[in-house]
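Undergrad: Protein chains in written order, with this note's numbering: chain A, 297 to 708; chain B, 35 to 149.
Derived by calculation from the structure, the hints in this document are not laboratory data.
Worth double-checking, as some hints may not be accurate.
Within a straight-line C-alpha distance of at most 35 Å, the following computed DSBU-like cross-link-like pairs (lysine-lysine) qualify [as the list claims (entries may be wrong)]:
(1) B:Lys122 - B:Lys74
(2) B:Lys102 - B:Lys36
(3) B:Lys102 - B:Lys127
(4) B:Lys74 - A:Lys338
(5) A:Lys609 - B:Lys74
(6) B:Lys74 - A:Lys559
(7) B:Lys94 - B:Lys36
(8) A:Lys462 - A:Lys385
(9) B:Lys94 - B:Lys127
(10) A:Lys609 - A:Lys675
(11) A:Lys559 - A:Lys611
(12) B:Lys94 - A:Lys338
(13) B:Lys94 - B:Lys122
(14) A:Lys559 - B:Lys122
(15) B:Lys94 - B:Lys51
(16) B:Lys74 - B:Lys51
(17) A:Lys611 - B:Lys74
(18) A:Lys609 - A:Lys338
None of these values were measured; they are calculated from a predicted model.
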Amino acid sequence: MNETLQNLQFSSNTLFLMLGAIMIFAMHAGFAFLEVGTVRQKNQVNALVKIITDWSISTIVYFLIGFPIAYGISFWMDAGSLSNLFNGKIVVGARGFDLVHCFFLTTFAACVPAIISGGIAERAKFWPQLFAGAILAGLCYPLFESIIWGRFTFFQDWLVLNTGAKFHDYAGSVVVHSMGGWLALPAIVILGQRIGRWTNGVSQGIPVSSIPFLSLGSWILAVGWFGFNVMSAQDIAGISGLVAVNSLFAMVGGIIFALIFSKNDPGFIHNGALAGLIAICSGSDVVHPFGALFIGGIASIIFIFGFHLETEKLKIDDVLGVWPLHGITGSWGGIATGIFGQKFMGGTGDVSLTAQIAGTFAAIIVALVAGTFVYITLKHTVGIRLSQEDEMRGADLSIHNIGAYPEQDIHG
Amino acid sequence: MKYIIAIIQPTRLEAVKSALSNIEVFRLTVSDVQGIGRQKGHTETYRGHEYQINFIRKVKLEIAVDDKFAEPTIKAISQAARSGAEGKIGDGKIFMLPLEDVMRISTGERGTEAI
Numbered sequence: 297m298n299e300t301l302q303n304l305q306f307s308s309n310t311l312f313l314m315l316g317a318i319m320i321f322a323m324h325a326g327f328a329f330l331e332v333g334t335v336r337q338k339n340q341v342n343a344l345v346k347i348i349t350d351w352s353i354s355t356i357v358y359f360l361i362g363f364p365i366a367y368g369i370s371f372w373m374d375a376g377s378l379s380n381l382f383n384g385k386i387v388v389g390a391r392g393f394d395l396v397h398c399f400f401l402t403t404f405a406a407c408v409p410a411i412i413s414g415g416i417a418e419r420a421k422f423w424p425q426l427f428a429g430a431i432l433a434g435l436c437y438p439l440f441e442s443i444i445w446g447r448f449t450f451f452q453d454w455l456v457l458n459t460g461a462k463f464h465d466y467a468g469s470v471v472v473h474s475m476g477g478w479l480a481l482p483a484i485v486i487l488g489q490r491i492g493r494w495t496n497g498v499s500q501g502i503p504v505s506s507i508p509f510l511s512l513g514s515w516i517l518a519v520g521w522f523g524f525n526v527m528s529a530q531d532i533a534g535i536s537g538l539v540a541v542n543s544l545f546a547m548v549g550g551i552i553f554a555l556i557f558s559k560n561d562p563g564f565i566h567n568g569a570l571a572g573l574i575a576i577c578s579g580s581d582v583v584h585p586f587g588a589l590f591i592g593g594i595a596s597i598i599f600i601f602g603f604h605l606e607t608e609k610l611k612i613d614d615v616l617g618v619w620p621l622h623g624i625t626g627s628w629g630g631i632a633t634g635i636f637g638q639k640f641m642g643g644t645g646d647v648s649l650t651a652q653i654a655g656t657f658a659a660i661i662v663a664l665v666a667g668t669f670v671y672i673t674l675k676h677t678v679g680i681r682l683s684q685e686d687e688m689r690g691a692d693l694s695i696h697n698i699g700a701y702p703e704q705d706i707h708g
Numbered sequence: 035m036k037y038i039i040a041i042i043q044p045t046r047l048e049a050v051k052s053a054l055s056n057i058e059v060f061r062l063t064v065s066d067v068q069g070i071g072r073q074k075g076h077t078e079t080y081r082g083h084e085y086q087i088n089f090i091r092k093v094k095l096e097i098a099v100d101d102k103f104a105e106p107t108i109k110a111i112s113q114a115a116r117s118g119a120e121g122k123i124g125d126g127k128i129f130m131l132p133l134e135d136v137m138r139i140s141t142g143e144r145g146t147e148a149i
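Between the sequences and the hints, there should be enough to build the whole structure, so can you do that?
TA: Here it is in structure tokens:
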């Protein structure tokens with residue numbers, strides 16, 4: 297009887313993580329379509345190819361390097377042993393738990409290049425960016441992951457000693473989203489503005505190609521997000537309906553606040569949903585649904601004003617707005633957990649604001665240092681930017697030799 | 035023979051086409067065009083950035099007619115293309131040009147025969 301129960305436990309957990317992995321894998325279609333709709337038509341094919349190839353490279357590097365760094369488990373063994381691997385030990389009947397656990401966490405790591413991709417769109421060289429994605433998803437992201445979620449506990453131990461609580465990031469507002477967004481910032485600045493974004497000091501809006509496509513991207517991301525957050529329990533016994541409903545409320549908070557503060561702007565409304573979801577990842581298991589509503593709503597306001605500040609005042613040409621969206625609202629999510637997680641705010645009270653701030657700023661520093669190092673090195677070795685002529689033709693024809701709508705291009 | 039070019043609101047195309055059918059003008063060429071006139075442009079906003087749209091979409095009709103059809107044709111177009119009874123800025127214009135010759139490619143017919 298005990299053996300049957302244990303079998304059921306192993307198989308349910310493997311299924312649980314695999315379903316989560318599939319839902320987050322689906323979110324990468326969302327990243328793709330968010331970018332396809334937001335870039336000009338001449339760069340749509342490039343957006344699609346970048347997301348699917350970044351995904352594939354991330355899978356390999358995370359399996360070989362990233363997961364072993366973060367959790368101390370590597371997969372150099374025969375297939376029979378692999379299917380019995382459970383938390384790095386051979387446990388008969390483990391149903392390939394560690395493998396599917398790695399698959400699940402790969403979907404997080406692969407978000408990092410996918411996030412950066414949206415910021416540097418329409419002007420970056422293809423291969424250098426693919427290489428940068430491999431370094432960031434295979435090395436930089438797992439290093440930070442290892443000190444927050446993984447095997448290196450010195451930072452969390454130090455926080456517990458000094459603040460009484462660990463840095464709490466349930467599903468990765470900070471570890472995944474702010475890491476991606478703050479890595480993207482140096483990449484975007486080092487790459488420079490797209491040709492024609494500013495002429496003689498006057499801001500020139502570059503129109504998006506398709507609001508239906510970018511909205512579809514937002515929808516796909518939002519649906520998959522319930523796997524991202526809920527399945528972050530990583531164990532079916534730890535599943536929590538609170539996480540699901542908090543995610544939902546943060547999302548609708550993001551949408552409603554964006555509706556009001558952007559004066560019914562479709563771009564901000566669809567990105568507002570994402571801002572809410574990004575901000576709630578961290579505290580989705582410790583805040584109250586009404587707290588989540590405001591975490592999401594405030595995230596949306598931060599995104600709207602942050603995007604304006606970034607693109608119009610600081611003149612940083614962040615095509616999808618990934619720094620304010622993933623970076624700043626991700627950081628907000630980390631800090632918000634320390635506020636809305638407190639007992640007097642209706643939360644569970646197991647968090648420390650000081651620890652949240654410390655963890656959030658640690659991510660910012662790591663991301664800025666790593667991003668600056670990787671992109672400056674690439675810029676001065678292989679170059680990261682398309683030639684002026686290639687950029688004007690569009691990345692589709694320059695890199696892939698085909699446009700998004702070949703039938704329209706062929707005349708007589 | 036006359037060559038009539040009319041620039042109209044895209045939304046009035048169906049009404050103009052049926053008005054022309056009523057006076058037995060069945061042959062016309064239609065194209066999508068953009069232009070600037072008294073109607074001026076409009077602004078669109080996306081993620082807080084304003085986009086000035088200067089060129090407005092219109093539909094251009096081109097019709098070749100015998101002299102006796104010329105006046106009824108422009109009358110039919112002008113009535114059907116008007117927004118409301120009063121008409122509005124942006125309803126478009128009709129140009130009438132003398133037409134020197136016509137040839138039907140399939141048969142080689144010339145002049146009024148070919149119209």
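Undergrad: The structure should be examined with respect to each hint, and the outcome stated for every one.
TA: Tested hints:
1. B:Lys122 - B:Lys74: holds, 13 Å
2. B:Lys102 - B:Lys36: holds, 9 Å
3. B:Lys102 - B:Lys127: Judged against 35 Å, a Cα distance of about 21 Å means the pair holds.
4. B:Lys74 - A:Lys338: The hint holds at about 29 Å.
5. A:Lys609 - B:Lys74: holds, 30 Å
6. B:Lys74 - A:Lys559: At roughly 24 Å apart (the allowed maximum being 35 Å), Lys559 of chain A and Lys74 of chain B satisfy the hint.
7. B:Lys94 - B:Lys36: At roughly 16 Å apart (the allowed maximum being 35 Å), Lys36 of chain B and Lys94 of chain B satisfy the hint.
8. A:Lys462 - A:Lys385: holds, 27 Å
9. B:Lys94 - B:Lys127: Within the cut-off at roughly 10 Å; holds.
10. A:Lys609 - A:Lys675: holds, 25 Å
11. A:Lys559 - A:Lys611: With a Cα-Cα distance of about 23 Å, the restraint between Lys559 of chain A and Lys611 of chain A holds, given a limit of 35 Å.
12. B:Lys94 - A:Lys338: It holds: about 28 Å lies between the C-alpha atoms, which stays within 35 Å.
13. B:Lys94 - B:Lys122: holds, 18 Å
14. A:Lys559 - B:Lys122: holds, 29 Å
15. B:Lys94 - B:Lys51: holds, 12 Å
16. B:Lys74 - B:Lys51: Holds, at roughly 26 Å.
17. A:Lys611 - B:Lys74: Holds, at about 30 Å.
18. A:Lys609 - A:Lys338: holds, 27 Å
Comparing the model with each earlier hint shows no violations; every hint is respected.
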